[in-house]
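Number of protein chains: 2
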Amino acid sequence: MRTHENLLSIFALGGINEIGKNMYVLQYSDDIVIIDCGGKFPDESLLGIDLIIPDLTYLEENKEKIRALIVTHGHEDHIGGIPYFLKKLNVPIYSTHFTLGLIELKLEEHRLIRDTKLVTIDSESKLNFGKIHVSFFKVSHSIPDCLGIVFHTPEGNVVHTGDFKFDLTPANHQSPDIHKMAEIGKEGVLVLISESTNAERTGLSPSEQMVGNHMNEAFMKAEGKIFVSTFASNINRVQQVVDAAIKTKRKLSLLGRSMVNVVSVAIERGYLTLPEGMIVEAHEVDKMSPEKVVILCTGSQGEPMAALGRLATGNYRDVSIYPGDTVILAASPIPGNEKDVSRIIDHLFELGANVIYGSGSTTGMHVSGHGYQEDLKLMLTLMKPTYFIPIHGEYRMLYHHRMLAESVGVKKENTFIIKNGDVVDIENSIANQTRNIPAGDTYVDGISVGDVGAIVLRDRKQLSEDGMLVIVLTLSKLERKIISGPDTISRGFMYVRDSDDHLREINTIVKKTVKELNEENIRQWNVMKQKIRKSVGQYVFTHTKRKPMILPIIIEI
Amino acid sequence: MRTHENLLSIFALGGINEIGKNMYVLQYSDDIVIIDCGGKFPDESLLGIDLIIPDLTYLEENKEKIRALIVTHGHEDHIGGIPYFLKKLNVPIYSTHFTLGLIELKLEEHRLIRDTKLVTIDSESKLNFGKIHVSFFKVSHSIPDCLGIVFHTPEGNVVHTGDFKFDLTPANHQSPDIHKMAEIGKEGVLVLISESTNAERTGLSPSEQMVGNHMNEAFMKAEGKIFVSTFASNINRVQQVVDAAIKTKRKLSLLGRSMVNVVSVAIERGYLTLPEGMIVEAHEVDKMSPEKVVILCTGSQGEPMAALGRLATGNYRDVSIYPGDTVILAASPIPGNEKDVSRIIDHLFELGANVIYGSGSTTGMHVSGHGYQEDLKLMLTLMKPTYFIPIHGEYRMLYHHRMLAESVGVKKENTFIIKNGDVVDIENSIANQTRNIPAGDTYVDGISVGDVGAIVLRDRKQLSEDGMLVIVLTLSKLERKIISGPDTISRGFMYVRDSDDHLREINTIVKKTVKELNEENIRQWNVMKQKIRKSVGQYVFTHTKRKPMILPIIIEI
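Sequence order for the protein chains is A and B.
Sequential numbering from 97 applies to the first sequence in our numbering.
Sequential numbering from 97 applies to the second sequence in our numbering.
Only chain A is shown next, with the shape it has when bound in the complex (with noise of 0.2 Å):
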């Protein structure tokens, strides 16, 4: 690799052609910082894995150049992958009070928190790492106090702008800084590294307004107990529903880990205001008269086991839904969760609630925290940037995206649509993309992180499609006469019942296999294990059609 001697480099370690484990890297000369450390949920084919992290090489083979991690806001896959960062990289953490609350949370599960150095900003602090100096804007988005960054280096001035989309009526005063902004704009940007979630959206993301009014409404109609489910990071909806709940006279529950931890933090550090004494323990809702509480709740995505998941099929200990209650969701499916959230919805209908859910305009209870195409094209057109780097998105996004920034003026050619780990140079203020540095996936699963690699997860997915047969056989050392068994264990093949006659087949489909090695006179195990999985895998799928991991195991006395 070259020289890094007065070279600004930008690259992605996550985040890039994913939604999930954003890390994006700003290096100059011998500086590095660092840009957020997400996780990311594993689909159903990474079987077993918890989360998912970025690949940590370069960064670990550059440690003693990196400066700081700034984190822009506090979703988990800005923040998920900090616990098993810190536990390979020990660096200062910057972000603003609320999100620094969220890290310290899961600083503390991980016994993390006391060897880190965490550092609160604002969006009026000012940093300075090496030649890089750095400063904030507020930007609004779907969690309290966003940031979005300008770094200003000997090169020129790269924005990042956090996740966010302009909420010109937010709840809790959450406004962006478009003035800030402006200024940045025309001081100059030399390269724009801008979110595209909604690249695909059209129009102006609706405003967090939209749901105050509905929850508004419907709070006024609701008879019975009000159950409201959202992400418990969504202060600013939580607070509409505080707000609500206050004007129709009812108390305010929580129910779930996360929303008990999360609006306990937003509260100790005065980003949820509320009136003393209107929080109720749980196990005192069902004693209440229905029409004087409502229930915060976790479970928004259809995860069974949170809270709402357990309301919905009568499995929550200390709070019942009866007929006559109502359910609003305040959330979307995450894509993949769909299925999950309508059979919650389904159970919900049969307790006889009145269930509220969707985005439609005149009902809906959710709003996106993500710009659309003119929330986009408002921040390129205030930035005015002569390089743009679309990030946090798939590609089709990345793509829409800069269609969008080529419609308000920024050249083709000077759009970077990069992969993790593609790296942007920029010397003499041209910009250039001709290398990379190792980028991916690192698994996590239990405690061990990374340990777990393509075999280990093909041999999962066999086992779980048709599970496997131990074939147990014991042989004389001289004579290879059979002493003991064969005898075939399965697991996850099929009913014992009706795989009976299969397995006394396939014990004299091994013998007779045996018989022929011994007279070919073969004796080394590989080749003896090789042909018994063969006989009997063909065997088994004649019969069966399904293709079981098979297991020989010989033992020489």
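One thing to keep in mind: the hints can contain errors.
If several chains are the same, the list does not tell them apart, and a pair holds so long as it fits within one copy or across any two.
Stated by the list, open to error - Calculated cross-link-like contacts (lysine-lysine; reagent style BS3-like; alpha-carbon spacing at most 27 Å):
| # | residue 1 | residue 2 |
| --- | --- | --- |
| 1 | Lys435 | Lys515 |
| 2 | Lys641 | Lys183 |
| 3 | Lys641 | Lys202 |
| 4 | Lys202 | Lys643 |
| 5 | Lys184 | Lys643 |
| 6 | Lys345 | Lys607 |
| 7 | Lys184 | Lys202 |
| 8 | Lys227 | Lys213 |
These aren't lab readings, by the way, just hints derived from the structure by calculation.
Just so we're clear, the structure is a prediction, and the values are computed from it rather than from any experiment.
Position chain B against the provided structure of chain A, taking the given hints into account.
Okay, now just chain B, sitting in the frame of chain A:
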């Protein structure tokens, strides 16, 4: 069970609280008529299951009473279970010319064609099964030749709508028989059984004509090759592709087995009109001028091994997508398939294709085949039923459908929201739901049907998440001394490189456990295995946070 003499009974064996495996049954005295026999695709929790079909217990117990299987149309959720049904019950099948064509494809594959009686009917046919007289009416849907059914019984008339929408400008003259429906309603309908798929969607479903218009516009603009992916069975849409191709002087190529098979059936049977010589073979496509060809392909649901999936990753042998080609996704993702479809769209954009997707009103290339709320209200209004049974939907859809019925005058207490297996009995024109018969999911796995039970699935789940540890140990019969082993073999657990230390430690734990068992003089195998599982399980969970299946195998010699 009480006698069936003069009793009219209606029930579902599938299709309620689900989308899939539709099967409805009408019984009068000792005559049973079955409507549809669908399959359902399993979700990812049913590891290794290929297909789900209805539980046929009741029908097998009453097989001498079954007179007919009438099939309303040829979609998988209405015909997918037929081969498995026929293997147990040899019942004559009545359906339209096109639907029987699709059923024949299935029966050929399962070698059932010779022994099955297939009877071609149309909307003018009249059938008699005991005291049940059957007539039909045409409905429009996203496949040709769809039927609604009228059962004239001594108790009154029962109408089953099949799947339908009111499309007044359909392709291929598949107009609904509105006049006939009005007559049926005028004659009097005791029970209406109507599908509920889109009962949550407001308004009237858009016409297939919209797709035709957008298709023509896109074909006019396209410069390179055009790829269109849709359900093969949506012959009306295929016809619109053919028409747009003729207008723009393009030939047609078909990719994917089901596209070739189903289009052949449609042409042979007269449901698709195209000029001679229009179809070109796949291997000729890349030799043709790109603006002279359109390729119809399977894979609109994101299936990675279907034609579009392989084209998107550059793995289709004969045909490639080049920059400037147009790809039209003329289908919506079925819930659960969104992520797979998105992945393919990303790949197509990366190849430089102009991708047209989504179902907006300006460029949308898909309309639903199922009626929206106004369609459903029109059917209810035409039929004016005394009793109403909403079918073909999840609970929330049935619930909304009941509200629609109420809104047009069906008494609330006269709507039966049933479950699969719930029987609605009608005697002296009074309907009651008090009893039920066996109903549920039967799993097809490989060639066997119904033998995959809860234990097998539970084992597959455990194996899929954390793999397994097989611990083999040979003991002497008398002294219980360890002769060989313990040896621990892992699959799907963790990298061998990382697990070596763990496996050694596990062997030590097993030795220690055997020693303790000997000291306590415990010789029962079950107890020994249980102890080994427990001690090893504790160690593994503490050190890896995983819970692999632990399978101790003890051999006595």
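Could you tell me which of the numbered hints above are not met by this structure, giving the numbers in increasing order?
6
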